[in-house]
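Student: Please take these sequences and the hints and turn them into a complete structure.
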Amino acid sequence: MKVKVQLDIKGLIESGNFRTLKTVLQQQEPADILELIDELPPDEKIVVFRLLQKDQAALVFSELEYDDQIALINLFKEERLREIISSMDPDDRTELLEELPANVVNRLLSYLSPEDRELTLSILNFPENSAGRLVTPKCVELKPQMTANEALEKVRKEGPDKETVYTLMVIDETRKLLGTLELRDLIFSDPSKHVEEIMETEPVFVHATDDQEKAAEIMKKYDLIVLPVVDNEERLIGIITVDDIVDVIDEEATEDIQRMASMGTTYNSYFHVKPWHFFVKRLPWLVALLLIESVNGNVIARFEHILASLPVIAAFIPTMMDTGGNTGSQISALIIRGMALNEIKLKDWWKVLLKETLIGLSIAATLGVILFFRSMLISSSLQICFAVSVALSVVVIFSNVVGALLPFAASIFKVDPAVMAGPFLTTIVDVFGIIVYFLTVSQLLPA
4 MKVKVQLDIK GLIESGNFRT LKTVLQQQEP ADILELIDEL PPDEKIVVFR LLQKDQAALV
64 FSELEYDDQI ALINLFKEER LREIISSMDP DDRTELLEEL PANVVNRLLS YLSPEDRELT
124 LSILNFPENS AGRLVTPKCV ELKPQMTANE ALEKVRKEGP DKETVYTLMV IDETRKLLGT
184 LELRDLIFSD PSKHVEEIME TEPVFVHATD DQEKAAEIMK KYDLIVLPVV DNEERLIGII
244 TVDDIVDVID EEATEDIQRM ASMGTTYNSY FHVKPWHFFV KRLPWLVALL LIESVNGNVI
304 ARFEHILASL PVIAAFIPTM MDTGGNTGSQ ISALIIRGMA LNEIKLKDWW KVLLKETLIG
364 LSIAATLGVI LFFRSMLISS SLQICFAVSV ALSVVVIFSN VVGALLPFAA SIFKVDPAVM
424 AGPFLTTIVD VFGIIVYFLT VSQLLPA
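Read in order, the letters of the sequence shown are residues 4 to 450 in my numbering.
Wrong hints could be hidden among the right ones.
Restraint ranges, calculated between C-beta atoms of paired labels, are given here [unchecked claim]:
#1 Lys-25 <-> Pro-163: 20 to 26 Å
#2 Arg-285 <-> Leu-357: 34 to 40 Å
#3 Tyr-114 <-> Glu-296: 48 to 54 Å
#4 Tyr-225 <-> Gly-14: 48 to 54 Å
#5 Leu-127 <-> Phe-21: 36 to 42 Å
#6 Tyr-225 <-> Leu-294: 56 to 62 Å
#7 Leu-447 <-> Ala-291: 31 to 37 Å
#8 Gly-341 <-> Phe-21: 54 to 60 Å
#9 Leu-289 <-> Tyr-225: 40 to 46 Å
In short, the hints are calculated from the structure, not lab data. Beta carbons are placed, not taken as given, at the ideal position from N, Cα and C, and that holds for glycine.
Tutor: This is the structure:
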């Protein structure tokens, strides 16, 4: 269905049937329009934007990929660009500006009113990836002495221009946050009651300089759709809405997945990223992992005498490396997830060590027995089969402990634990696994 509409839009543009196209676009949600124009070239995207209403165009433009935004900024007529930039929500506008070159930022800022320009610059002054960068001041603010009826009247008057009215902010004369009030509670309260009597007097909030991840964790923990943002003196700056937090969660998940794959972070969709960008992001990690992995060659050369006398031992090297890597990856994924959800804290490392040692022993014993019988298909020597199965058990125990503790080590050194998963962990376990394997075999097969 979407492909058919896409072709219709392209056909309407090519045939010049803009009246019908405008009617079609007015019936679509911004998210749907975004999908429909995704594959259009910039010159045809421009046509679509000319037909959109001002607010609709601002919403669609704020969700475009960075490269598309740059292309359209260079193609827009000045008046249309002024309309779109001025109509964007403050947080969306800030997100756009923080990625643009300085000369483009200055140009776009010149299109804003003095009030919007001051607001945008104040948001840009907050640290990158902080809660302050997500803030919008477009919220309904109430005073504690207001009656419920007066508060409702203010919501009716100011609500249409605000980001949301579901949660209302209660502040004093100095803008200090006193509480929050849900619209539902306000509607069903006695009209003569004062706001201070029905508000939540211990509001959950976040400081503007706090990391955006903390804001996401708080909103998730307390199941909020709006989170107040305050300065160091707890004066209200604005709010963060749940739609922005969903974007943060998406970005953080993308970042973790890419770090677990041992590559630099990029937030744009796959087909919007140039091959050179991926090359630059991936190559440094691959070079580092190659150099670490090459240590295996030195280890094997060190135990060359064992391979010369018992060549069959070489047949089990891939088994040792793969099983060790798989074991470490499994437990590191569990620990990293636990840390991300705040279920596992740094102080819990010894509990994790004890638990995973027990689990590792159980897994090692089971896999050792399986490999003992499996190795009999390769070697008729029970002594070799026993040595190999014991070596695998030792490698599994070692890998399980390393996989469990590496995320804690990363946290101690202020490194994202996700970096310790995936290829990095597998490479480390491979190197030490080979060493453990040959040392174990050399002890059990001294001849």
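Student: Run every hint past the structure and note whether it holds.
Tutor: Here is how each hint holds up against the structure:
1. Lys-25 <-> Pro-163: 20 to 26 Å: For Pro-163 against Lys-25, whose Cβ atoms are near 24 Å apart, the range 20 to 26 Å holds.
2. Arg-285 <-> Leu-357: 34 to 40 Å: Given about 38 Å between the Cβ atoms, the range holds.
3. Tyr-114 <-> Glu-296: 48 to 54 Å: holds, 53 Å
4. Tyr-225 <-> Gly-14: 48 to 54 Å: holds, 49 Å
5. Leu-127 <-> Phe-21: 36 to 42 Å: holds, 37 Å
6. Tyr-225 <-> Leu-294: 56 to 62 Å: Distance hint for Tyr-225, Leu-294 is violated at roughly 46 Å.
7. Leu-447 <-> Ala-291: 31 to 37 Å: The hint (31 to 37 Å, Cβ to Cβ) holds, given that Leu-447 and Ala-291 are roughly 34 Å apart.
8. Gly-341 <-> Phe-21: 54 to 60 Å: At 55 Å between Cβs, range holds.
9. Leu-289 <-> Tyr-225: 40 to 46 Å: holds, 42 Å
Of the numbered hints stated above, the single one contradicted by the structure is hint 6.
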